[in-house]
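S.K.: Sequence:
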Amino acid sequence: MYSKNMNKLTAKNSLNSLLKMFALTFSLFYVLSSMAAQNIDVSEAYVRATIPGTKISSAYMTIANHSANDVKLVAVKGAISDRIEIHEHTMADGMMKMRQVESLLIKSHDTTVLQPSGYHLMIFNLEKPLVPEQTVKLTLIFDNKNEVELELPVQSIKKQKKKAHEHHH
Numbered sequence: 001m002y003s004k005n006m007n008k009l010t011a012k013n014s015l016n017s018l019l020k021m022f023a024l025t026f027s028l029f030y031v032l033s034s035m036a037a038q039n040i041d042v043s044e045a046y047v048r049a050t051i052p053g054t055k056i057s058s059a060y061m062t063i064a065n066h067s068a069n070d071v072k073l074v075a076v077k078g079a080i081s082d083r084i085e086i087h088e089h090t091m092a093d094g095m096m097k098m099r100q101v102e103s104l105l106i107k108s109h110d111t112t113v114l115q116p117s118g119y120h121l122m123i124f125n126l127e128k129p130l131v132p133e134q135t136v137k138l139t140l141i142f143d144n145k146n147e148v149e150l151e152l153p154v155q156s157i158k159k160q161k162k163k164a165h166e167h168h169h
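Sequential numbering of the sequence shown, starting at 1, is according to the numbering used here.
Think of the hints as simulated: they come from the structure by calculation, not from any bench.
All of these numbers come straight from a predicted model, not from anything done at the bench.
Don't take each hint at face value.
Stated by the list, open to error - Straight-line alpha carbon distances no greater than 30 Å define the calculated DSSO-like cross-link-like pairs of lysine-lysine that follow:
1. K137 <-> K55
2. K77 <-> K137
3. K128 <-> K55
4. K97 <-> K137
5. K72 <-> K97
6. K107 <-> K77
7. K77 <-> K97
8. K145 <-> K77
Sequences and hints are given; from them, build the entire structure.
M.R.: Laid out in structure tokens, this is it:
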């Protein structure tokens, strides 16, 4: 009888230990994921207001990687569109061309700028026009499974041109 009760007690303690270990492992995974996501900073982010009659826009930002490892931006998702792609402008035969890229490398302890005439995000199939003073939620997804949620302001092209002009003086 003593042995039977002891086995029940040991089984209960083993189960409790297993549950505690699982909880600790999950907590540690969550903390490490959060820490990894905190190693990515996004600044100067905005989405371009749509031109009347179009269903496309683009997003720009600066992404800083403060971690010891390179990361790749592999996808972007948002409720405003079912199709958001990473694009790049390149010069070929004296012509500016735009093409989709599979991913965007952000090197360790470096910064990558998404800007007009360079890397940027293309947003297709918009259900509604994007207007200034509105905000858009996007989620950046990296190859290490980290996600960074953003809320970007929508800016008019005029405001963007004014900012670009101010930077040249």
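S.K.: Each hint: holds or not?
M.R.: Hints and how they fare:
| no. | hint | result |
| --- | --- | --- |
| 1 | K137 <-> K55 | 17 Å, holds |
| 2 | K77 <-> K137 | 9 Å, holds |
| 3 | K128 <-> K55 | 8 Å, holds |
| 4 | K97 <-> K137 | 28 Å, holds |
| 5 | K72 <-> K97 | 22 Å, holds |
| 6 | K107 <-> K77 | 22 Å, holds |
| 7 | K77 <-> K97 | 24 Å, holds |
| 8 | K145 <-> K77 | 13 Å, holds |
When the structure is compared with the earlier hints, no violation turns up for any of them.
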